[in-house]
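Novice: Now for the letters of each chain:
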Amino acid sequence: MKVYPIALNTFREAIRDRILYLLLFFALLMIFTSRIASLLTVGEESKIIIDVGLSAISFFGVLMAILIGITLVSREIEKRTIYNILSKPIRRYQFLLGKYAGLLLTILIMDFIMTLGLLLTLYFKSGRFELHLLLAMGLFFCELFIITAFAIFFSTFTTPILSSIFTLAIYAVGHLSWNLLALKERIASFWGKALCFMLYYLLPNLENFNIKNEVVHQLTIGWKTVLLAIGYGISYSVVIILLATLIFQRRDFV
Amino acid sequence: MIPAIEIKNLYKSFRSGFFLKKQLVLHNLSLQVQQGEAFGFLGPNGAGKTTTIRIINGLSYPDQGEVFIFGKENTNVGVKARVGFLPEEPYFYHHLTGWEFLDFYSQLFGYSRRYRHKRIAFLLELIGLQEYADMQLRKYSRGMLQRIGLAQALINDPQLVILDEPMSSLDPIGRRMVRDIIIDLGKRGKTVFFSSHILSDVEMVCDRVAIIIGGRIISVGKIGELVKEKVDFHEIVLDGISTDKLVPEFEVISHETNRTLIKVEGEEGIQRALTFIKVHKGKVISVNPQKKSLEDIFIDEIRKGGERE
Amino acid sequence: MRTRSLILLILALFFCLSLFFQLTLERARGEALSRPPFLYLPTGRYIKVLSLGYQNLAADILYLWSIQRYSRYEGEHRFRYLEHVYDMITDLDPHYIDPYLIGALTMAREGSDYERAFKLLQKGMRNNPDEWILPLDAGFYALMDLKDYSKAIDYFMRASKIEGCPPEVDRLIAGAFLRKGDKVASLKFWLDIYDSASNERIKEVSYNHIYDLKIAIDLEVLQKAINHYKEKKGKFPTSLSALVREGFLKGIPVDPDGKNYEYDRNSGKVSAASEYRLRH
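Protein chains in written order, with our numbering: chain A, 1 to 254; chain B, 255 to 563; chain C, 564 to 843.
One chain only, chain A, in its complex shape (with noise of 0.2 Å):
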């Protein structure tokens, strides 16, 4: 298991970057003043809480992926650290796997703190603790997989500005990307119509994991469409991850 160290040192580099800190301070301010917020609405207090909330969780989660997903590996090739790893016996794909790992694990802890934070918020205001929140945030670290490994992607052949444009966009996209079937209704063309259905279902769909709509009014949600949306993210992820792989083999460090 050479995944594992690289793993764990990515990890460890990830969870001792200042900027990470500083994300999950604005976020978990934004969790923690949305209860202030919730006192200026008539009704609805804790809907204004899990609606701060969870889009805080979901904005720097976002966030966080896409920086550290991009400054760890880009400044492992920047910084040259990645002769060292490479001159080891250890696979290319090995050390991207590795990276992958570290970095879902750092985002899974970081994930975990703000929907603690949310949950204590929660808790304060009205004296339990809503743990069908809890779904809501699984999906949105399946969304993650997807981020994350459009972030390694990238910064396996561009510079890190570039790939965290690109990350982002990717990211609108993905929420957007339904549009492109509403689009394809009304384009007279064969080939407009065929151009975009392709990108429909080449761009990934985000808008599976997004069930915050459901959680907050309290609607059911059939395990079907969890499983089914976890099915896709993850193997989404792996044709992403596999397709970074297959450029990183072939590159040229110099």
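Calculated directly from the structure, the hints in this document are not laboratory data. One or more of the hints may lead you astray.
[As the list claims (entries may be wrong)] For lysine-lysine, the following DSSO-like pairs were computed, each having C-alpha atoms within a straight-line distance of at most 30 Å:
1) LYS2(A) to LYS372(B)
2) LYS793(C) to LYS813(C)
3) LYS275(B) to LYS79(A)
4) LYS326(B) to LYS2(A)
5) LYS2(A) to LYS275(B)
6) LYS79(A) to LYS393(B)
7) LYS47(A) to LYS813(C)
8) LYS441(B) to LYS262(B)
[To be verified] Quick list of simulated restraints, FRET-style, between CB atoms:
9) ILE570(C) to MET198(A): 19 to 25 Å
10) PHE253(A) to SER284(B): 38 to 44 Å
11) GLY325(B) to LEU168(A): 21 to 27 Å
12) VAL173(A) to GLN288(B): 43 to 49 Å
13) ALA575(C) to GLY222(A): 28 to 34 Å
14) LEU227(A) to GLY325(B): 47 to 53 Å
15) GLN544(B) to PHE253(A): 39 to 45 Å
Every residue, glycine too, gets a C-beta built ideally from N, C-alpha and C.
Let chain A serve as the given structure and place chains B and C on it in line with the hints.
Specialist: Showing chains B and C alone in chain A's frame:
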């Protein structure tokens, strides 16, 4: 015996920008390093040393040609377990302590915890950094980093150690230490392949050297042979003859009020000079034989290369 | 090379797998578009902060989205969030006129919710007092759809006071007054139109209206005086001039062509000698 490193007809070119012309960096480079020898890879900056070393380590891929390490392809993971590598100007994880740093690399070899501890303790002592084992690398000095980098290259007790400019950022004590380690490795039958652009580093340690200039191997051989191959010359210090008379006949290197330094080549050159001085009633102060150093060979070759182009 | 093709194979496999999940999910969740995704959108003011200064762009995107969404024929529930969506768009960019118009159109014609349509247009008028198209549009809905002529007149008057408003709005006002039954006001507007007409065609059209209205008003006035006479005296007057003589009328009008109105002393009815269109 199978050579430790065998490089066959390596070509490598870079395109520095998307539209820029390709630049040939390595030109039909072939080289063999035998097991157990300390091999110096010499060349001025930009000659292609680092590129060659990166290709050997599988970090970069050649356009053409092959590299074998102990008879196996260089990308083979099994063979990598027998190699140690210290890159040029290595950068390290600033967030790790010295101990964690070495432990991380040793984990990549899949060693047991107990063995790792023993090995790391030994290496820290070897490079004299035991006291700094728990300090984060961000607080290390350049020299300390270079030393811990060397320890990292030795973590798996490799049979082949590849060092890219191992002495470049070290103080004299550090250089001495690295030199001793290389000599010690040689004594224990390990192969050491290291590059440098500073000749004095190499002269004292290496069995054989290869000189690379402009991506081509210019010469390979024992240092003694390489130096002897090139003709010695003598410097004669004399007095009493004006430079005007000397200049058409000899190469005048310097001139002071009562001292002139001329350079002559070969035995017959000395004789001619001595006769000339006698005829012109000059005084010979000293005749000094000058061995051509590697440095001179270098400069000669670069000059020649310049003329070729 | 062998590993490469192996990786490619696994890659293709997992891609198919992800496609499978995606397609099954779509089926499980029903039509991907039938979800009302804006149920959860915050208000425009919040988005304005979130859009980091790109609120115009955000408004554009939402607007484009809304057009795509509401121009499809689907179940009725899709109009449930109409007000929220357009409120948000117009909060984001209060000076973006199209969303007010399209929003009101969708609310009125598709959702049959005129109250909200007027509310949206009112918001537009508040934010853009210089845009005559907003009150004009509101007036149209009142005139054509609701037949609420007073409301239509209010909006049209508002539009006509704004610079740049096409003068045709006066004709709409005149028409609305007529339908409301206020012929005198209508006539007044047509006279104005006639006076300020810039071409022969308008002059002709307005003249025809004035012609008709004048006759209609005169006949009304005469008929009223006759009926009054009947009430007081118990019989119809012998002639129209009898009305003037006995103080029921100040004078006897003539129609625009200078002809006298005809009076039938047996039935007590007046009628015009000339052709006019407002006979009913």
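Novice: Look at each hint and say if it fits the structure.
Specialist: Quick rundown of the hints versus the structure:
Only pairs whose Cα atoms come within 30 Å are accepted, and LYS2(A) paired with LYS372(B) is accepted, the gap being roughly 20 Å. A C-alpha spacing of about 17 Å is found between LYS793(C) and LYS813(C), which places the hinted pair at or below 30 Å, so the restraint holds. For a cut-off of 30 Å, the pair hint linking LYS275(B) to LYS79(A) stands: about 27 Å separates their Cα positions. With a C-alpha separation of about 22 Å, the suggested pairing of LYS326(B) with LYS2(A) holds against the 30 Å cut-off.
Under the criterion of a C-alpha separation no larger than 30 Å, the hint pairing LYS2(A) with LYS275(B) is inconsistent with the structure, at around 40 Å. Between the alpha carbons of LYS79(A) and LYS393(B) the distance comes to roughly 17 Å, so the proposed pair stays at or under 30 Å and holds. Restraint check: the Cα-Cα separation between LYS47(A) and LYS813(C) comes to about 74 Å, which exceeds 30 Å; the hinted pair is violated. Annotation: proposed proximity of LYS441(B) to LYS262(B) holds, straight-line Cα distance about 28 Å (limit 30 Å).
Look at ILE570(C) against MET198(A): about 22 Å separates their beta carbons, and that is inside 19 to 25 Å. With their beta carbons about 23 Å apart, PHE253(A) and SER284(B) fall outside the hinted range of 38 to 44 Å. A hinted range of 21 to 27 Å is violated for the C-beta pair GLY325(B) and LEU168(A), which are about 49 Å apart. Here the CB-CB span from VAL173(A) to GLN288(B) is close to 57 Å, at odds with the stated 43 to 49 Å.
Taking the beta carbon of each, ALA575(C) and GLY222(A) are about 29 Å apart, inside 28 to 34 Å as hinted. Distance hint check for LEU227(A) and GLY325(B): the Cβ-Cβ separation is about 52 Å, which falls inside the suggested range of 47 to 53 Å. The supplied range of 39 to 45 Å is met by GLN544(B) and PHE253(A), whose beta-carbon atoms lie about 43 Å from each other.
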